[in-house]
Amino acid sequence: MPLTRRDFLKLSGMTAAGTFVGGTAFLSARESVDKLSGTKESTTICPYCGVGCGLIVATRAGAVVNIEGDPDHPINQGTLCSKGSALYQVAVNERRLSTVRYRKPYGTKWEEISWDDAIKRIAQRVKKTRDVTFQEKEGAVTVNRTPGIASLGGAALDNEECYALSKFARTLGITYLEHQARI
Amino acid sequence: MTNHWIDIKNADVILMMGSNAAENHPISFRWVIKAMEERGAKLIVVDPRFTRSASQASLYAPLRSGTDIAFLGGMINYALQNDRIQKEYVAEYTNASYLVSPDYAFHDGLFSEYDAGKRGYGARKTWAYQLDDKKIPKRDLSLKDPRCVYQLMKEHYNRYTPEKVAAVTGCPTEMFLKVADLFTSTHKPDRVATIMYAMGITQHTVGTQNVRAFSVLQLLMGNMGLAGGGINALRGESNVQGSTDHALLFHIIPGYLPAPNVKDFPSFEEYNKKTPQTADPMSINWWSNRPKYLVSLLKAWFGDAATKNNNFCYDWLPKFSKPASFILLFEDMLKGAIKGAFYMGTNPLVGGPNANRIGRAMDKLDWLVAVDLWETDSATFWKRPGAKPARIKTEVFLLPAASSVEKEGSISNSGRWAQWRYKAVNPLGKAKTDLDILDLVFREVRSLYQKEKGKFPDPILNSTWNFTPQGAHEPDPHMVAKEINGYTWQDRKEVKNFLDLKDDGSTACGNWLYSGSYPGKNMMARRNGADAPNKIGMFPEWAWCWPVNRRIIYNRAAVNRKGEPWSPDRWVVKWADAAWKGDVVDGGPKAGPADKNPFIMNPEGVGRLFAAGTALADGPFPEHYEPMESPVRNLFNSQKVNPAAVILDSVAREFGDPKRYPYVATSYRVVEHWQAGAMTRNLPWLTELVPDMFCEISLTLAKAKGIKNGDRVSIFNARGRISAYALVTDRIQPLSIDGKPVEQVGMIWHFGHGGAATGDAANKLTPSIGDANTMIPEFKAFLVNIRREA
Amino acid sequence: MTGKAFLVDTTKCNGCRACQVACKQWNNLPAEKTSFFGGPEYTNPAKLSAITFNHVKFFPVDRKNPGGPIWEMMHLKCNHCEEANCMRVCPQSAISKMDGWVVIDQSKCIGCGACESECVYQVPHVLDKTRQMYGLKKSIQGEKSYKCDACTANRRSVPACAANCPTGALAYGDRDLLLKKAKAVMNQMRGKYPRISLYGETQFSGLRVITVLKDTPEKYGLPLKPKTVNVEKAEAVRDAYQLLSLATFGLPSLKRVAYRISRSMMG
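Residue numbers (my numbering), protein chains in the order written: chain A, 1 to 183; chain B, 1 to 790; chain C, 1 to 267.
Fair warning: there could be bad hints in the mix.
[As the list claims (entries may be wrong)] Straight line, CA to CA, 20 Å or less: simulated SDA-like cross-link-like pairs of lysine to any residue:
hint, chain 1, residue 1, chain 2, residue 2
1, B, Lys455, A, Glu136
2, B, Lys596, B, Ala578
3, A, Lys109, B, Leu365
4, B, Lys42, C, Val185
5, A, Lys128, B, Lys42
Note that these hints are calculated values from the structure, not bench results.
These figures come from a predicted structure and were not determined experimentally.
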């Protein structure tokens, strides 16, 4: 994707750094580093509020090294609020979940299980609950619904995921379908 | 938003009410400040608290939470009494001139047809227009007929005097008048005001009518459709616009089509029979296209199985018979009717009303699948304070989800811009994208139905569900985006936009509103930073916005009947040489400004000052009612609470008595945290700034209760008790209501028991009651008591 | 005085604290442990520190005028004084100018706290013990002094805080132009804030952070005519310290005592 103004900024940064070395004011032996050297950059949109600010994610060797405002983005023009500025800590955070956790009925702690195991068990629960609670008719009206299952959430999902969730839920017969727009 | 973020810069007056945009939509202030700096725009902030937004205001007006209609009704009255309305616009583009049924009436807070036993309004036949013999509404363009909307409205609001407004809201009369004067200065065609609102407006038992009051004002001022105008709902989550568009709500299916239900749409025929109709040749009545959108959606979901002969499998869509909105869903969960639940990046134990009750409801689940980036409060509901895990039967699957920089796809901002995000890195550890997770579960369920017997497997077995390209192992968001855009069924070619959709099964389209977002090319990924020739900041080739890349909706109202812009220096569209220029004009480019009415989504084609028909549950004009919990009587009528609001028997005894709980409480957010907190309470840089649950109280309440800044306090009512730090601040002051001081307790609702920074959830105190139309809970006005903790 | 500078226009600041976080993000600085709030209103942490180079201080709202309450927020960071006391008093000459910006060379810093003691704005701070950087397998060495270096070490064309500010309250550019802009803002906003003032034009022969304040500098605890450390006296203190420091065994607490004694001896 084109990063016109951004490229310019990076370049001017380099030039400025050049003058440090040659300038008489430069007395320090301090190291001056370019945090973004050798990084790959891609654009993203902030996951917090509904303004839709653009950000640039810089990565090196498959790891995020910096996230900041996208100067080319017409809404935020490179700026961010405190939450958007902290997005790096969502990408790089020891508290993020990285494995599947399972809590058995009446359990007091999490156990780790595999994805295969989790998906199989979830599908079994879905089928069983659907089959047990499914209603085909209400009086003369065909209703084909699964009142035993609810689905909540989705405002943080991508459009494609929201659409897939809407299709997923309705195809299974779910009518208890709600999300953050209601609260 | 009818308009969009950058467009705020085009306003002369900005009314921020029920919104604290500086904190909750901070970058909007880039454009607010630009309007102030470059246009000399004035910012009005109306809020119970002096907020960070208020710190930048030209005028700050305090008001008691839950009294917005009193305030706005006062402004409507001010405009009508002082003749500060945009007359040509009002006459041509609103229903001011329409004659209303002679049986319509309003008396002491009740509109005609009220049924006290049912707490509601029935068929609302008296809320209709008088029709001529061609079934077109009768009009009196002189606005003098006593049955015309204009006259009825004038009569309705003449009770909303500045003195009454002050007595109810607590806003001093002088300040109210300053606000009314400044705002209504935009009745001049070349002055424009925008309104920015958020949950401070919607989270009330009168939430919908609060927004309606904005609509009435903006129509009277002639501010709809113009650059720098409109009614702008500031959405609090990055894709709550998109998730609503894609209908993750019980009452709609994608593209705001009504969801099938037993009462209104028992069959395909009934569904189409209720397609909105008009006899008025001036009306575009866009919803007349609804059957095309429904059939294309069914085709997208059920493919070859959906044929004309089986009504395109309409009956495969589930039909609800009673509302299943958030509050009611949890009531049914508490009754044990719901056995299993999916939580897709949501945290209702912190974010839902009456959180202790939500916890008890969750205890009844057999299974819960929580998909999230974090171990949320809701996923650990079985570990919440006071719960005994050994007694909770629920089986919990907590699935690790990819973050926004670890996947590809689009999200829609408040301005309806769908913007594409790229994957920067792989999902952390074993995390997967939500799309991948949904795909895995669906395919596994389908394979179970293929292998074993089960109830009505047809929709599952015949679903077109296939988002995985040949040879790939994971679903591809581009394939989903193309299905959303729509394609011809025969040759699988993406359609250009929704004008190509048909009701005969020859087209499939997942969401007509997004048709045009991926017509073979991903329009949402566009990054052309050039503005359009009208230079109002539309940036039409940056990303894509619905509908059909129209940046300002209702833009036909931006010009007069000759097609000349009301405000030429910031024109949106104009009609010249028999063609439209500027933004993508509403309702199609062929009809000129004199041929068609601008409000294309209403069957009458004009803006509704009076909400005719059955559109609303609680009245054609906004009327002030007190919140469900309020320390004072209603000074406008003898109805206390919205007479059409649903009061559940199951929680009736939990509502607070002002004698025991005398303080008006409200809940809100701060810039440093987000929603239920999982996305911020786990981030050290943000918890450094706001590490703890706190409430805000006035100096006077603090003194009366012996509370000092930084003390720990208990806040309590019949629903619960929470502990918090007290921030004693002069930004909150007692309000003088009907001559008596009323104290307020404000609190943030970001905290819960889970995550790195923990604290009590404010929502343990909020009531299980919602708006009469939407059932959005009344988070913003309830009663509490407070005391210093020993 | 020419070159680059920051302009803090507090009339446009609404305290979102994006500057505070952007600085931590760009410099991978760890968060501080806080509780409730460290100062008036939402102030957190209480002040600048060795790991907090940008700070927004909130003041209690002034509601004397019911028509227009005033709530002030002030952005603080190193002012990068033209004649910087910290630079004069550093016994190791660890503090120098880089394109006009006052920077500390931590490889020379011995953590004596001279800069910390002499800065009237309480900007530099000696880090008590080594801290892990956020997201990097690197640490910030303890017993060294740290402060804002205007993003000259982690270099970038516009410092992170200024590039990030949503409302334009924090700008970066040529000092001459920013001064002009500041004066224009004052003229524009005087109606709303009658005591509006400018800070940083003359102090210490000019600061590289120009601040437009809604009220007089005194209200914010900013000295109108702060004293520059006398060069000769500073040299004498440094000599005395060199001597005394021989008896500090490299212990930072003793170094700080030694600096204070040297200062009082030459005082």
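A quick look at each hint next to the structure:
no.	hint	verdict
1	B:Lys455 to A:Glu136	holds (9 Å)
2	B:Lys596 to B:Ala578	holds (14 Å)
3	A:Lys109 to B:Leu365	holds (18 Å)
4	B:Lys42 to C:Val185	holds (16 Å)
5	A:Lys128 to B:Lys42	violated (60 Å)
Consistency with the previously given hints fails for number 5 only.
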